[in-house]
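K.L.:
So the chains spell out like this:
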Amino acid sequence: MNSFKVIFDRDTWQEIFGSIAKNKTRTVITVIGVLWGIFIYIALSGAAKGLDNGFERQFENIAMNSMFIWAQRTSIPYEGFKIGRSIELKLSDIEYLKQRVPEIQYIAPRNARGVFGGTSPLVSRNNKSSNFNVYGDFPVYTKIATKKIYDGGRFINEEDNKYSRKVCVIGERTQTELFEKDENPIGQYIKIDNIYFQVIGIHKFVPGGGFETDGDIFIPFETFRKLYNTGETVQWFTVAAYDNADAVDVENKLKATLKRIHRVSPDDERAFGGFNLGEVFTKIYGFSKGMTLLSLIVGIATIIAGVIGIGNILLISVKERTKELGVRRALGATPSEVRNQIILESVFLTLIAGIIGIILGALVLAGINAGTQNLTDFPYTNPTVPISFVLGALAIMIFLGTLIGLIPAQRAVSIKPIDALREE
Amino acid sequence: MISIKDLHKSYSIGNSSLHVLKGINFEVEKGELVAIMGSSGSGKSTLLNILGMLDVADEGDYILDQVPIKNLNETKAAKYRNQFLGFVFQSFNLINYKTALENVSLPLYYQGIKRKERQEIAMDYLDKVGLKEWSTHLPSELSGGQKQRVAIARALASKPKVLLADEPTGALDSTTSYEVMDLIQKINEEGNTILVVTHEEDIAQMCKRIVRLKDGVIIEDKKINQVLATSHV
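Listed in order, the protein sequences are those of chains A and B. Counting in the numbering used here, the first sequence runs from 162 upward without gaps. Counting in the numbering used here, the second sequence runs from 2 upward without gaps.
So here's chain B without its partners, still in its complex pose (with noise of 0.2 Å):
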């Protein structure tokens, strides 16, 4: 699903120049769930950001789902971001002033689907993370794990071939962390191919595939014994 060689990104800061990915290889099957992690400074966010395509990698190639990500401007990454990939972001990123459902089918309205239809496909999966009563509630009216459910719903709605969770757990509580995660495994167990970047022991090891990262590296990447989030309910 994912192919990276030799991924190279640095960062001129005044004069000097700060190389944050030293040539990164991995690949990513489909139907994985894999658990980035690294400390801070490790690369980890940069990583993700190329991934998004929100970010632009100096060198080294990058393939989804076999189409290369090259030369894309604008406009163009816009469209495979809106087709291929689905975030998740720390701090939610809702928009305010709109509804819980307005907010999950913002991405099927750049996807120019008619009102009514994406209402309708919206409405299926805030009833999947289990909001269906709250779709006309404003996110200042949801709690943060409700909030982050949106998000994931929101994320799901485009039918992405790729989720992307930056730190989707990073302002939640424990008991809220695992309620997220057991969603997020749930929809890993229905093909979804899931990367979390996390630097949290324990939402990692609810992952199926361990990446560290260390200035710029990989230093692990592992297969693990996913632990159930269940389990810590």
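Only chain A is shown next, with the shape it has when bound in the complex (with noise of 0.2 Å):
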């Protein structure tokens, strides 16, 4: 009989659930078996692709290769100058930098009050004040940490940067406390330090990585300059290296070339400081791709310590029917027969085992997701398993069942009929 029409053959499959529904506490054991093996990949892989997913949530509005650098105080007495020198980054650092350090996609200088020390500028409006940090900042920033804008508003651009324009873009916080609930704030006026600043948008917050939160404002860096008196001081850059470039390399040329602009000693360590947000994701990547990886290996090995348990009850079970086979045989059963029906009972418990544990571990994950959702602190997101995965691991599991059927198959072939039938 070709192989094909026995797969198709409703009587094929009759011969099939009679014997396994013969033995239904054998069958079930050994069914769970394999959906335990499948449930813990499905479960796993989601769970690990839920923290990829969470991490990347985390992290979706900062550009992935990117640090911030700052200046801090000598450690070393250098070219005369005397240690404990205080040092200053400058605007004009930033086309040295750019020429030193090609691996630069962009920088952008930024100033804030009220972030690393000194108290956040009092904002007003009619009756109402509260404090709110705020960032001096040019549009490129944005290249490096995406700004998401409410509809009818934007981020402040060159002109305004050009014009030292008296505009701001405001936080869901500072809209909530300056603001009516039904009011529109965009061109409405606020107070910065007693001036009136113009709202041009207002930024929607996305919480993880950084230290900016829900209130921060932001207004031209040219107009923070003039408001504050800061000349060409730059707090810190906040730099994008390019996708290719490491980031630890490009953290350490950038050090190098201020130190050398600044006159500090290329050994000294705390001269400037450095966040390298790329180096966290490299690590952070490695280790959800470590997760990924370990999910695979355990769910795959546990899907094989579970087939491997159905050729063993397949065995016993061939054990316990040698007699039935033995008068199948003497009814007319071809071998191929015998081994047919041995190996497609187990593919088909494999199957059914593989499919119910892929339904368990798609509730668990539903499960999770729905008792994460709310969790913005936790990294935790959408935790999938794509669906190359899943049909991986049922061919695999296929395959396995088929191989491992072959042992029992040839169990029940190799034994004579004659000797089934002797069998008492």
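Calculated from the structure, these hints are not laboratory results. All C-beta atoms, glycine included, are put in the ideal place defined by N, C-alpha and C.
Per the computed footprint, the stretches of chain B lying under chain A, defined by three or more beta-carbons under 8 Å from a beta-carbon of chain A, are:
hint, segment
1, 49-58
2, 106-120
A few chain A residues facing chain B, derived, Cβ under 8 Å:
hint, residue
3, R171
4, D172
5, K484
6, T495
7, E498
8, L582
Dock chain to chain to rebuild the complex, using the hints, since each chain is given by itself in its own frame.
P.N.:
Written out as structure tokens, the structure is:
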């Protein structure tokens, strides 16, 4: 009989159902073995993917290969300067840095009030007032850290900076604290340290990564400079390197260049501070990649264990059914018919177990998803298993089911009908 | 129908070899009802296994309905068993999770007959052995005599050329044995060739011919006047 015909033959399935249904306990226990394997596989790889997605969500608003650089005090006397000299970054550093470090994709000088020491400026409107952090920024900043602006608004642009316009982008909390609910803040005026600023946009705060909050106010860098008399000083640079650049290498180059500009000893480790997001990302991604790999290995190993369990049970079942198989052979079953039946039983059990396991795994993932939906601090989003993983697991199971089924099937065929019938 | 010439068979047990059949010659015509008798160890079961293609002879010829049975691989032997032979065992050997009807239709399944047709044929044979009403019952719900009748129906269902019965009444009480023998005689009257292995004299007397085996050779082969099983009931 040709094997395709066997698979689509109703009688074949009737034979298989008959023998599977014969020993329900055995079948259920076997099925649980594989079911558990595929369940672990789906739940683990889904969870790993959720973690992956979670990290991605946490950092979706900031360029992966970015870093902050700020100036501190020298720790080594150099070129006649004494130890402990404070250094200030300058706007003029930018051109030099760009020349010396070609890996720089974007560089944004930033100033802020209320973030690193100092008090937040008082921001008021009519009779309401509160303190918020105020940042002086160039439009290029949004190339590094995306700012989602609500409908009808915009971020600071080149013109704003060129003309030192008194415009500001406010946060969601700023809006709720200074404006009425049904009021549209766009075009309205607020006072920052007693100077009137026109609101041009409201940014949507995305949690995670960095020190920014939902109450931050962004004003043009040039306006900030005039307002607080900061001159050429820059508090810190936010730098995005090209994707293919090594973040740590870029950070070292930036620091080395800055040391040369500001006449700091090349060995001075403390003169410039830096926080390298790229490095952190690399670690986090390595971690979540490791998790995915681990879950893949554990899952597949568990599936294999389950399938071996099926093979074991079928081997016992073949032993139990020696006589039945002998009778079938005496009645005219060819060895290949007996073999096919045992293999199909194995594959069928594996598949049923696999499908139930996938469904259960998916339900658990849906449960975890529902449970972590509102936890914004917890890096866990949308735990899914790619369909290719699921199909791959099914394919592996069919393959292994066939392979493991071969052992009891071969045993079943190797028993001569005469010996099978003699066995009492 | 069956022609056996100079059949030898020995089994090796450890280093020594046990010569079980030492040159068996016999012929069976179509429509005969032959009893093969002998004490245990006489070789009667070995002979039946060879006739049933469950075992292979070491030497000698076996021709079944003009087909020489030689050099069979398992697949071919299975095909021949399915087409030529019907088996009735001492311990019935019904498949315990299948109903009477499913048991009877099993050889037809291996012949590749369509499901509906298969069930019709199987039902006819169950009717013939008087168990039509029991078709949906599992073997565990049948008495010993009923089980053996289902087994006979199963053996007949594939329309075999020869019916081989290995101690068909061995596990039954005498009343039930006679009922089963009555059935076997009726089937024989319809023209079926039947070989019965037995060690019970009264059962052998219900056949038309007795072949006695002792120590691997035929010591007696005679035609007898058949005792009708119905006369015992």
